[in-house]
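Here is what each chain is made of, one letter per residue.
Protein chains: 2
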Amino acid sequence: MKATKLMKTSPSVISFAAIGGKKENEGPLGDYFDKINDDPYLSTDSFEKGESQLQKQAVLHALDKAALSPEDIDVLFGGDLLNQCVGTTYGVRAFEMPFLGIYGACSTMAEGLLLASLFVDNDLAKKAMAVTSSHFCTAERQYRFPLNYGGQRTPTSQWTATASGSLVVAPSDKPPYIRGCTIGKIVDLGVSDANNMGAAMAPAAFSTISTFFTDTGMTPSDFDYIVTGDLGKVGSRILCELFERENINIRDNHKDCGMMLYDFDEQDIHAGGSGCGCAGSVLCGYFLPKLRAGEIKNILFAATGALMSPTVNQQGESIPSISHLVWLSGEKDMKGAN
Amino acid sequence: MKATKLMKTSPSVISFAAIGGKKENEGPLGDYFDKINDDPYLSTDSFEKGESQLQKQAVLHALDKAALSPEDIDVLFGGDLLNQCVGTTYGVRAFEMPFLGIYGACSTMAEGLLLASLFVDNDLAKKAMAVTSSHFCTAERQYRFPLNYGGQRTPTSQWTATASGSLVVAPSDKPPYIRGCTIGKIVDLGVSDANNMGAAMAPAAFSTISTFFTDTGMTPSDFDYIVTGDLGKVGSRILCELFERENINIRDNHKDCGMMLYDFDEQDIHAGGSGCGCAGSVLCGYFLPKLRAGEIKNILFAATGALMSPTVNQQGESIPSISHLVWLSGEKDMKGAN
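Chains as they are written, first to last, in the working numbering: chain A, 1 to 338; chain B, 1 to 338.
Heads up, a few of these hints could be off.
Identical chains share a label here; the pair holds if one copy fits it or two copies do between them.
Derived DSSO-like pairs: lysine-lysine, alpha-carbon spacing no greater than 27 Å straight-line [said to hold, decoys possible]:
1. K126 / K290
2. K2 / K65
3. K65 / K297
4. K174 / K35
5. K185 / K65
6. K2 / K233
7. K65 / K233
8. K255 / K233
9. K65 / K174
10. K22 / K332
11. K126 / K2
12. K255 / K174
13. K185 / K255
14. K255 / K290
15. K8 / K126
16. K174 / K297
17. K297 / K233
Think of the hints as simulated: they come from the structure by calculation, not from any bench.
Please work from the sequences and hints to get the whole structure.
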């Protein structure tokens, strides 16, 4: 069976919300956030509790914008980068929604959107939700060094976004419509540098996007944008080169959320943004509104995740990566799909 | 929409495998494992890599027993207790199956089976797989103390199983059939003692099992066993009492995998077994074969998970828990269900 599933009913993303932090507000997409938190603690007493607040805000905003309450949601898919996904579980516990925890590292928003779409398309849920987040301060101390240590960052390292995205999928006659999705495979080409996630993840994006093109017969020119999650400068260059080797040009319409979120000249972010909240907030804050408004017609959203942990990386392991893909469109039907 | 989904086609669990360690072999279920590993490193150089081997073995045994190869699998759902679920990602990366990572702590086998069943029932996969694991040595050093420290364990603490379970769901005319499932909600009644997970998780099991009874109109007497994952002595007592308050007796047919896996008198396990691999291996090693053989006709499998991390627990947070449920049967249709 093909890893690409085309939707039978093309459900819509009926609501979406993006939450950010101070640095995200200062970047080029600052105006696209629904809410900005200048305080990295979000009025709690720890960064981890702060990250949970990001998810809580994202869910509440997405519900509010569609005049929904938590009881209207049949299933919520959520996850994040924190050990045991506590950003999510503590962020959403008060909502008492049926909940399925997912873990795809920075591909989590694509995995959640994919599962929410399949649930609604097969009438397993009338309204399904997805949420994810990341937080610079929680990620630094969990994956790298305590902030107080003031460690140097390598040129290939990326900046974890303090951000969250959330969305609601349901049947509707308003775009954006979900037209299809591709479930990714784990790809590991042996990159073991945890400060160069982009290089580790690019082959996974290549694998999944290629599978989508093969399964559907569509080509890059069928899309306004081919959006990756957080490959950053290094990973994006590798992805475009991998496609060029196959004589496929995605350079003209490739966008990477990690390269859009911050200003490279002004914000000292090295190779770009990263984290579950990077792809999540750029999808929910920037791309989904433009699809709804008709400013763009078709995108592939292929977020990528590096499925390692500091423990096994320190034991010398390379970094297995994955990418899940969702095809979002302004139209319910479009020529080119089979 | 109800949180309980009844299957339209009642797919089967066509293959299953249980892998264990030395202590699991010495317990009352020792003979039910497909493979035992006396070496806690499983011939690797770290406990974490050893845990990945547990999952690899479980997947390979489940495939072999049905004469399947990895290419036959349309989607694999997997997760475990390790930070970033690396037991799974490193265990299954070589198989190159479409993969969706899940996180439900010790409820992971129920979540994976639930998703695999829904995917097959809705023709999103012809063959879907689920896998999970836990390992005493990786869990101790990640959640509690380094083994070398020789810390004392409290009377309510549980023993993390060194075990893995894996299964394949597909359409078939051979039992066990999956008849339905209930997606759980996060429940947090304020228990914050990380050495008393059973007490934290029992209310989640109560919530999900009650929801199933309400949604279907079925009662405990419709089932040979109501199986929980790893509530242990303390959590099992609380679960039975919570039902008794509602005038429902589950005491006569309640079984807890955490109370079945080890010998309380001989094996010094305090309140019982725990870990994703506990429910996973007891389901795949003990209950599924008995359902296939017709020795038992109907069970509810309701694994529970504690969705905390040491970090937030040390910050004073209580323990949110969840339970997902799957109804397994020797018959495709049965009176009593609506």
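Now the hints, each set against the structure:
Taking identical chains as interchangeable, the C-alpha atoms of K126 and K290 lie at most 27 Å apart only when both belong to the same chain, with a minimum of 24 Å there against 36 Å between chains. For the identical chains of this complex, K2 and K65 are inter-copy neighbours only, at 24 Å across copies versus 35 Å inside a copy, given an alpha-carbon limit of 27 Å. For the identical chains of this complex, K65 and K297 are intra-copy neighbours only, at 22 Å inside a copy versus 47 Å across copies, given an alpha-carbon limit of 27 Å. Only within a single protomer do K174 and K35 lie at most 27 Å apart by alpha-carbon distance; the minimum there is 24 Å, versus 53 Å between protomers.
Proximity of K185 and K65 under a CA criterion of 27 Å is satisfied inter-copy only: 23 Å between copies versus 34 Å inside one chain copy. For the homomeric pair K2 and K233, neither the shortest alpha-carbon distance inside one copy (31 Å) nor that between copies (45 Å) is at most 27 Å. Proximity of K65 to K233 under the C-alpha cut-off of 27 Å is found in neither arrangement, the shortest distances being 34 Å within a copy and 46 Å between copies. In this homomeric assembly, K255 and K233 come within 27 Å of each other (Cα to Cα) only inside a single copy, at 11 Å, whereas the closest approach across copies is 54 Å.
Taking identical chains as interchangeable, the C-alpha atoms of K65 and K174 lie at most 27 Å apart only when both belong to the same chain, with a minimum of 14 Å there against 48 Å between chains. In this assembly of identical chains, the alpha carbons of K22 and K332 never lie at most 27 Å apart, being 37 Å within a copy and 56 Å across copies at closest. Both within a single protomer and between protomers do K126 and K2 lie at most 27 Å apart by alpha-carbon distance, with minima of 25 Å and 10 Å respectively. For a Cα distance limit of 27 Å, the shortest separation of K255 from K174 inside one copy, 25 Å, qualifies, whereas the shortest one across copies, 49 Å, does not.
Within a single copy, K185 and K255 get their C-alpha atoms as close as 22 Å, which meets the 27 Å cut-off; across copies the closest is 36 Å, which misses it. For the identical chains of this complex, K255 and K290 are intra-copy neighbours only, at 14 Å inside a copy versus 53 Å across copies, given an alpha-carbon limit of 27 Å. For the homomeric pair K8 and K126, the shortest alpha-carbon distances inside one copy (15 Å) and between copies (17 Å) are both at most 27 Å. With identical chains, the CA atoms of K174 and K297 are at most 27 Å apart within one copy only, with a shortest distance of 13 Å there and 47 Å across copies.
Proximity of K297 and K233 under a CA criterion of 27 Å is satisfied intra-copy only: 26 Å inside one chain copy versus 57 Å between copies.
Going down the numbered hints, you'll see the structure goes against 6, 7 and 10, while the others check out.
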